[in-house]
Amino acid sequence: MKMKTKWLAILLVLGLVLAACGGDDAADTTEAETPDTTEAETPDTTEAETPDTTEAEAMILTDIGVDLEAGTITVGLLSDLTGVFSALVQPVVTGYEAQIEAINAAGGIHGLDIILEVRDTGYSVDTHVQQYNEIRDSVVALGHSTGSPHTVAIKDQLAEDDMLAIPLTWYSGWSDPALNANLVPHGTPYCLESMNTIGYIVSQNPDAATIAIASNAGDFGQDSAQGAKIAAEALGLEVVYDGEAKINAADEATLAEVANGIIGSGADIVWVTTSPGAYSGIYGQALAAGVLATWSGSFVAWNFGFLGEESPIRDAIQRDWIFAYPISPWSADTPGSAAARELIQAYDPDAPAYEYYLEGVVEAQLLEVILNAAYDSGDLTRAGVLAAAENLEFMSWDGLAPDQSFVGEPNDIVQRTVTIVRPSAADLEAGGSGLAVVEADYTSDIAAAYQFDKTCFDAFG
Amino acid sequence: MTSGLLILAQESTVVPSEFGRMVVNGISLGAIYAILALGFVIIFKATQVLNFAHGALSAMGAFLIASFATIINVPGRWMEGSPVWLQWVLSVVFALVLAALIGMALERMFLRPMIGEALFAVAIVTLGIDIIVRTITNDFIGQTSRPMGDPFGLKTVGLGCANGGFIGEADLVELCTVRIPWTTVFQMILTIALVAGVAMFFRSRTGIAMRATAWDQEVARAQGISVGRIFATAWAIGAVMAAIGGLFISMFPRRPGGVDTFTAFFAFRAFPAIILGGLDSILGAIVGGFAIGFAESAASTYLTFGFLGTGFGGVVPYIVMLLVLLIRPYGLFGTEEIRRV
Chain W
434 MKMKTKWLAI LLVLGLVLAA CGGDDAADTT EAETPDTTEA ETPDTTEAET PDTTEAEAMI
494 LTDIGVDLEA GTITVGLLSD LTGVFSALVQ PVVTGYEAQI EAINAAGGIH GLDIILEVRD
554 TGYSVDTHVQ QYNEIRDSVV ALGHSTGSPH TVAIKDQLAE DDMLAIPLTW YSGWSDPALN
614 ANLVPHGTPY CLESMNTIGY IVSQNPDAAT IAIASNAGDF GQDSAQGAKI AAEALGLEVV
674 YDGEAKINAA DEATLAEVAN GIIGSGADIV WVTTSPGAYS GIYGQALAAG VLATWSGSFV
734 AWNFGFLGEE SPIRDAIQRD WIFAYPISPW SADTPGSAAA RELIQAYDPD APAYEYYLEG
794 VVEAQLLEVI LNAAYDSGDL TRAGVLAAAE NLEFMSWDGL APDQSFVGEP NDIVQRTVTI
854 VRPSAADLEA GGSGLAVVEA DYTSDIAAAY QFDKTCFDAF G
Chain G
86 MTSGLLILAQ ESTVVPSEFG RMVVNGISLG AIYAILALGF VIIFKATQVL NFAHGALSAM
146 GAFLIASFAT IINVPGRWME GSPVWLQWVL SVVFALVLAA LIGMALERMF LRPMIGEALF
206 AVAIVTLGID IIVRTITNDF IGQTSRPMGD PFGLKTVGLG CANGGFIGEA DLVELCTVRI
266 PWTTVFQMIL TIALVAGVAM FFRSRTGIAM RATAWDQEVA RAQGISVGRI FATAWAIGAV
326 MAAIGGLFIS MFPRRPGGVD TFTAFFAFRA FPAIILGGLD SILGAIVGGF AIGFAESAAS
386 TYLTFGFLGT GFGGVVPYIV MLLVLLIRPY GLFGTEEIRR V
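Going down the list, the sequences are from chains W and G. The first sequence lines up with residues 434 to 894 when you count with our numbering. The second sequence lines up with residues 86 to 426 when you count with our numbering.
Under 10 angstroms between C-beta atoms, here's a sample of chain G residues computed to sit facing chain W: (1) T241; (2) C261; (3) R340; (4) G343; (5) D345; (6) T389.
Simulated from the structure, these hints should not be mistaken for laboratory data. Where a beta carbon is used, it is the ideal one built from N, C-alpha and C, also for glycine.
Go ahead and model the full structure; you've got the sequences and the hints to work with.
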């Protein structure tokens, strides 16, 4: 019995060690903070901060998350590092950290280094709220908040704390003042993405007459599906299969059911909004049944692995798939894209070409502009940072993402422009992410004319 | 920048027979459930352990196959010029051997020390193994999809095709009543071969020893049977079956992107098949697997009425299982336990 107890104890310890290797909150926080503190802060403190800090102390209002003596601005990131979207969010965080390190190396925000407090939410609303409560007394703003229901869950605290947050979600509901009081949404909302992509497909193929629509339930899938329906109505497309909210990516039975619906519909255009694995599963089953159609959906469904040499659908998707991206794809020929690529490759030479790294750069650049504006106004309090964001009249990413204004009514400031892309093995082999630009800065007539005065899909009643 | 996009000239879309699709999907699902159930039952039969790590083992096995076949390309990298199918088959064999070794190692490290402990406690240990193996596997899978690298591609066998050919390799734009992906044909053939292999195994010396161990460990030990070796063998076979199940899940058309973080959860869908057939019955695993596969496929095809909600096909296997258990509490082929009360 003693022997058994000893073995059990050893196994338990081994199990705990292995589980720790999988990544947990504490480890993520350490990973994110340590490099910033050691690599970027130290040189800035000696070279640039001392004079600026003295100047700043005299002029700048601060409250929480800004330490003028230490020369730091602490910003929180609520990220899904271990949940269902971790494969997408991890590179976003890496891109964010790369850009922040570059900002700090270039002198930070007038000599103040940005410190990232990265917290893993596991894509759980409860954990998201818990992590927010843990960092709310130490950060000046949230550099991103992952997930719509998660962000909605902390909206009251955000308002109470005067806390700015950049949502890492493209839900159209951020147009609703009741939800977005403290949010700075960037990029094209899911429903406008649908209108743009379907508008583009029909502009290239005016004979298309029918469309099949399917999606996950919730803000992401149904916002996208509603946009597809709005586009279908505007373009006179008959919806021959309506699978809105019918997909559960973890439930194979729903994939088969939706695939059956699409196969039976004979649609010219198929619009599916779900995760990459589920998307490829539905597409595969339809393909096996001989379905020929133009396939699209939210860009979230894309994974460069589909274009790998060993992928059975490598050729078929180059023929069938087309997407729209809220930012420029990896290989885009713009100054902002080139700089971002160089930055990521220098920061992590092993990083694959992937747009989610660029999304992190986009968010970090937006944060930098906001913090600089707040500093320039002499107010680095939370309220000051929030005011700076709300008064940001123009933001340019040098082509990495479409230019955007953040001042005005939702209908005036919502981003309507996307980049139309298609899978390209040639792009992947040339070192890209496998997405070739078909048309940059594209806005369909439907998206341009759409009166964006309310959310396309009300997910939070 | 690439200008212009080839938008498909929309031809009349091919819609094969709904019934045909249901049957083909049922065969494919049935093969997956049967193989997963087989691995689970072999471990239970030999060791009385409910292995909740079977899903994690299937994802790990599928990832090993993807790794050998595509990522590290072993032994293909040393076999240039040899047929692609041969390279792939050898990659699968290498991966299955490694999966078997890992299965044996898990048994030795985590299960062997639990011999004699309450079965409930042992089952909980397998939950721990599931978390550990799944977490490590998912970390390895990472951001990209991991295709299996099989030589079948998108090829299908067409039945009742419009060009007059009844059986032949169908082009994707060819109208056929039924289209069977070659991957499904492969699954069927391999399933039949594995069932035959397992049946023969249980007639072999080791197989008989395994049956004796399952019947009574103490008596088996008294007869000179190495119970530890039998346990290790059972876990090796279970891990191989799980890996093959993971391979089936991760192929075209079900998951052409390959193994991903959802693969591990798929195996849990085989539980109704295991219970339906009887926890300790090899025949039950096969019959239960195909019965549940067809029931789910039929429900996903025909029971799509709005009032049933979405994904009713995923509920039907449990309804079938419950109905059968009401009549036969030990499953269709399970061993009845008679207790004096």
